[in-house]
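Taking the hints into account, I'd like the entire structure generated from these sequences.
There are 2 protein chains.
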Amino acid sequence: MTSLDRIDAYWRAANYLSVGQIYLLDNPLLTEPLRPEHIKPRLLGHWGTTPGLNFCFAHLNRVIAERDQDMIYIAGPGHGGPAAVAHAWLEGTYSDRYPEVSQDADGMRRLFRQFSFPGGIPSHVAPEVPGSMHEGGELGYSLAHAFGAAFDNPGLVVACVVGDGEAETGPLAASWHSNKFLDPARDGVVLPILHLNGYKIANPTVLARIPEEDLVKLMEGYGYRPHVVAGDDPAQMHALMARTLDTVFEQITDYREGRDGRLPMIVLRTPKGWTGPKTVDGLPVEGTWRSHQVPLSAVRDNDEHRAMLEEWMRSYRPQELFDADGRPVPEVLGTVPEGGRRMSANAHVNGGEVLRPLVLPDFRKYAVQVDKPAGGSSEPTKVLGAWLREVIEANPRTFRLMGPDETASNRLSAVFEATDRAWNAQVLPTDEHLGAGGRVMEVLSEHLCQGWLEGYLLTGRHGLFNCYEAFIHIVDAMFNQHAKWLQSSKKIPWRRPVASLNYLLSSHVWRQDHNGFSHQDPGFLDVVVNKKASVVRVYLPPDANTLLSTADHCLRSRDYVNVIVAGKQPVLDLMSMEEAVAHCTRGLGVLEWACTDAGAEPDVVLACAGDVPTLETLAAAALLREHLPELRVRVVNVVDLMRLQPASEHPHGMSDAEFDTLFTADKPIIFNFHGYPWLIHRLTYRRNGHDNLHVRGYKEEGTTTTPFDMAMLNDIDRYHLVMDVIDRVPHLAGRTAHLRQRMVDARLRARAHTREFGEDPAEIRDWSWPY
Amino acid sequence: MTSLDRIDAYWRAANYLSVGQIYLLDNPLLTEPLRPEHIKPRLLGHWGTTPGLNFCFAHLNRVIAERDQDMIYIAGPGHGGPAAVAHAWLEGTYSDRYPEVSQDADGMRRLFRQFSFPGGIPSHVAPEVPGSMHEGGELGYSLAHAFGAAFDNPGLVVACVVGDGEAETGPLAASWHSNKFLDPARDGVVLPILHLNGYKIANPTVLARIPEEDLVKLMEGYGYRPHVVAGDDPAQMHALMARTLDTVFEQITDYREGRDGRLPMIVLRTPKGWTGPKTVDGLPVEGTWRSHQVPLSAVRDNDEHRAMLEEWMRSYRPQELFDADGRPVPEVLGTVPEGGRRMSANAHVNGGEVLRPLVLPDFRKYAVQVDKPAGGSSEPTKVLGAWLREVIEANPRTFRLMGPDETASNRLSAVFEATDRAWNAQVLPTDEHLGAGGRVMEVLSEHLCQGWLEGYLLTGRHGLFNCYEAFIHIVDAMFNQHAKWLQSSKKIPWRRPVASLNYLLSSHVWRQDHNGFSHQDPGFLDVVVNKKASVVRVYLPPDANTLLSTADHCLRSRDYVNVIVAGKQPVLDLMSMEEAVAHCTRGLGVLEWACTDAGAEPDVVLACAGDVPTLETLAAAALLREHLPELRVRVVNVVDLMRLQPASEHPHGMSDAEFDTLFTADKPIIFNFHGYPWLIHRLTYRRNGHDNLHVRGYKEEGTTTTPFDMAMLNDIDRYHLVMDVIDRVPHLAGRTAHLRQRMVDARLRARAHTREFGEDPAEIRDWSWPY
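Chains as they are written, first to last, in our numbering: chain A, 457 to 1227; chain B, 457 to 1227.
Honestly, I wouldn't trust all of these hints.
No distinction is drawn between identical chains; accordingly, a pair holds when it is met within one copy or between any pair of copies.
[As the list claims (entries may be wrong)] Straight-line C-alpha distance at most 20 Å; calculated PhoX-like pairs for lysine-lysine:
hint, residue 1, residue 2
1, K988, K947
2, K988, K946
3, K1155, K947
4, K946, K1155
5, K636, K821
6, K988, K1155
7, K636, K988
8, K821, K1123
9, K1123, K1155
10, K828, K1155
11, K838, K821
12, K734, K838
13, K821, K946
Hints are computed from structural coordinates only; laboratory data are not their basis. Note that the structure is a prediction, hence the values are computed from the model and not measured.
Right under this line is the structure:
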């Protein structure tokens, strides 16, 4: 039996197992003619892409075995779940992970039955599938994930099948350029396989219908060496694919060894639903969009369809592939690699297996000295940048900082003392901090930043994504998919925890006065808290020291998405490092020095979350102390937003007793919030004090103006907070008309000053805590 | 004076006006040496891209004038606001729109002062700028907008400058392929100008640093005829650009007349901050990232910087460009087109000016016959599809249906009886419904669907975007930008209302049981309601007739974003057409036939929004009627979600009195909601009855399973609703233990059935209202 025969046997076996998963409840080896009760009542699955995925698996296995190549496989068409499952079962990994699905007839029956079946497994390449690190539920991210996996994994080849449907998406179209960020010396290699089966759901695909000359130019233009493998005759295609892969791996060696700057890639053109039914009910199926999901739809009730299914399955000659007990025969397994070389068992795709904790320098070293609360000021992200520099130095191969060209703008520039921006394209003499192997990844695509980071994390490394707050919405959908992956993975015993996905959102809504309305949106938090409490965390450190403490905490955590919102502009230093750590550990707390309640029951609670809202709240507290010295004011700052939720809703949630102790059950609470105000209501609506809660936040008012005018436009400014107190503390309303008018006047004066001079009044710009 | 001299004069004038906007408060014509008080205190603006934008404006004007060409201009680098403003002022449009900013010295002073100044205008190409239809706040959408504008505008050329920063984004990378969807006969033409100035914020750009051979291949691979215009000598560049544009417009004629299938495009390579300061403080500035925003930063305080600014501004020889009164001299205006041919005054970019209302066929013709409430069932989107077919027939040039290859999957296939999918690439004999000029736009990129539709709407046409619910999150950020554009535009008197952006979200969370967890996310609604109440509307029609009525309403509306969530699977027909119209007009109402409160005060209110939650609510009401016939149950269905808000928060909001009348102020309300449950809390937390409100909805539980199992996983199923009623109606709890246990058992039985047979029990699948 030749090598190609063995590949073909493996391919036929995988195809047989794929069809079986889509259709069969029982009779897995076709030991008797198919009867209706052997067929699933609801046929769910995607056949169209599956034979192509199986074809690639089969051929890559030969290369792995022959070259002892460390390789993983990303299936862009992740709805082709049957392929990945079949592969894992043939390689024995499925039975290792799920012993009840044994590698025999009984296991095959279970394998078929459980697929896309209630209580069974999902129809896509979900976390449940050994060998997967990419679900492909939402399309577009396979190639970015592949590059993320390859970074800092020299020796690894990431084979990435890109579907031609997926190839129409924006994120995928941009991902081809990831090769400009790959370092042949320090990184692994990505082998893209653009799989043109011609159709997406019901339509032809763009890349399958442009002239091949254009397609080749497109790939060359992206910087690759394309190889076209096209046809539908299995024997010819096996020979061509094997020959092409031999060439491709020689070119990969050249790339790795610096003889060629271009990566090879493969254009694989095969019929959709290859080897499936050619025509059904008089309509062409193989090679058309009708193969996308289930080519024969009435198999249970329609005898003719059922006979076609049986004929189709027998066309793979199962008797040559499995022994009487249902075990794959040696010829089928002839090209399957050993142990951890099996793509379904490769440790990289169960990243927690290879994860090493970060070496984290003591963040306390970078603390801002605070002798007096709110006496001085610092730029929080700048302070963080110094610590991140040391994080990068201490972890030269396991930590990356991603961002859409905003690392300097977000004032993290200290990192460039330790590293460069990753860059593998032309460098000019005037450039700064560009170089292969740089730890900072900057590309003006939030999709690529997110996709690379996900791939990097899921293969057992660490990172931080810094982004303008408004534009992180660009990856809302990617965040959703990643959070769902984490939630599902947590329930799978053999999936090991991976490092959390950490966002640092800076250049936030309150300091986008210069860029204007389009750059003002704090709503990512609302998207995040829709996801399961077990996987999401949100932090709003109000100053530099709390940011340091929060960042250290997040980089140590596992299996979460952590969102940190912190400004880059100077804010008051509120706490010493010791106080900051205590405050962050509690997640929220009273700023004693700003209170006038002397530890007793206050008249009003001023709560705040976020740096600018905290500043305005403190300024309001100072105004109240000056003008209403007898008023008992308590100031509460919230760092960990999830603390506000009931303990029943989130693991960080407070008990009602704690909540009442801090916020009171019956006193007015004026909550100055960084984001959209209703998020605070949503988190607290079951609390005793909720009826007394009044939240200020961003309400979609903004333009190009000054920082304080932005605050005033949205009524989060100090003067308006004082007015809110006056309006809500019952015994005040009558005797404070004069003060209220002063506040109104102060706002008008500030507005007029701004419009005349183009900047905020000096008393606003230079304000610090006066007590 | 040659034509090129006039172009150069115009360019210098535009550059002068751009620098003036960034820096000057006064002394606009430099009639005296610059003093500190002439300089703005905060310098905000983006110089880097501006001279390139001005260069393109200047040259395109010549072409317009010479060819009487209808042309509009999209500035992808939309932060180059000074350029667009300068252009509109030179063309006289600015003064037409804003008479106080006259075309003289006083107007120039105002023009400079107001830019990026509190109380003035934004720093970007915002809606305030005449001639703009694309802000470019968030990058990536210029080319998709351009194609959207070109569709169904034969004769129009949309010149689109794509920044090389923006070109790194996913949406832009995919947008190049829009040419496969353009019809040379029925559509206009897009002229992409890829402007390589080499840097984004602080980094080189990818496309500026790959070999030019690769770049040319990339553009050829995308299907264009690229022309490179590169250099930094103004005279040479003027000659080259003019020559190239002459060639390009000949090629455009060839394209239009069918002699050439490829569109030309231009690669324009010029220094960043071209003609600005070469070096500042010893560091290179022109041609580097340091030109990105404000090249000279200390102009007010630093005499040397101020002298450099003056020298820079005088380098444009303003005395040759403006007369003593500050009016542009005739030589500067020599290439400016007349009237509506001016790009800043072209009616297409103020789309409401050319908007014609849709011809809408009577949706009542398509009504499902309903003799008895909930007696039969229909597939709502399929019913809608038949009406949409007639909408398309009646509006053959002004309506398009967008979707990521899901039009058939979402059961709108009837439209293909009237039209094709737009397609301008290879067609095979097996293809169906592909053709140039098709009204259905299907590409597997939600970004492109959204971008095309935005461009189409903003130029005065109509459309509907149908999408899988979960994946509409892909365009969260684009929705945000569009909603902000609408909100800002509404405040600008000369901006005419445009057609609303209509989403039809189908294949929704409750019917993605087959695709599994990754396809289940109803959170787009949460993103939408963060935007200003004046521009967003959300509808959840529960059946086919209410969907028809809702869709008709949305297609007639202006300046909103309308979100309609409706299923494609069969649901019960609840209302006759007449009832549906009345129900949709009210936005919510009591389903009398399902109630047992006999019009009196109920014991419990069962509220619902969304088709599947409504079905389960009705089934729960039927169970209660059967088992607790004396219980007074009221069933309320909500179509228009915004009705739940207080009237003070949203124009559709109900008064508290109305709310109390419907929902009661003190009885338990069990609200079965389509989306995440807290959205209902957020909308109602100020209502009297809120403390009695208990909301069921999606809580991130799901996998590949059956529809009813999905409902059970999230506790929105009929049995659980009955349990909720038992637990919350005070006098019931004691004497209903038996019924409660029956519900628990029913759930267990349903679950077990599902896991054994792979489908829901027949009594669930076949359920209809039994009374």
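Hint check results:
1. K988 x K947: Intra 13 Å, inter 39 Å, cutoff 20 Å: intra-copy only.
2. K988 x K946: Within one copy only: 12 Å inside, 38 Å across.
3. K1155 x K947: between (39 Å within a copy, 17 Å between copies)
4. K946 x K1155: between (37 Å within a copy, 17 Å between copies)
5. K636 x K821: Neither: 36 Å inside a copy, 58 Å across copies.
6. K988 x K1155: Intra 26 Å, inter 8 Å, cutoff 20 Å: inter-copy only.
7. K636 x K988: The answer is neither: 36 Å in one copy and 41 Å across copies each exceed 20 Å.
8. K821 x K1123: neither (40 Å within a copy, 58 Å between copies)
9. K1123 x K1155: Classified as neither: same-chain Cα gap 25 Å, cross-chain 32 Å, threshold 20 Å.
10. K828 x K1155: neither (34 Å within a copy, 45 Å between copies)
11. K838 x K821: within (14 Å within a copy, 65 Å between copies)
12. K734 x K838: Neither: 63 Å inside a copy, 29 Å across copies.
13. K821 x K946: neither (35 Å within a copy, 52 Å between copies)
The structure shown violates the earlier hints numbered 5, 7, 8, 9, 10, 12, 13.
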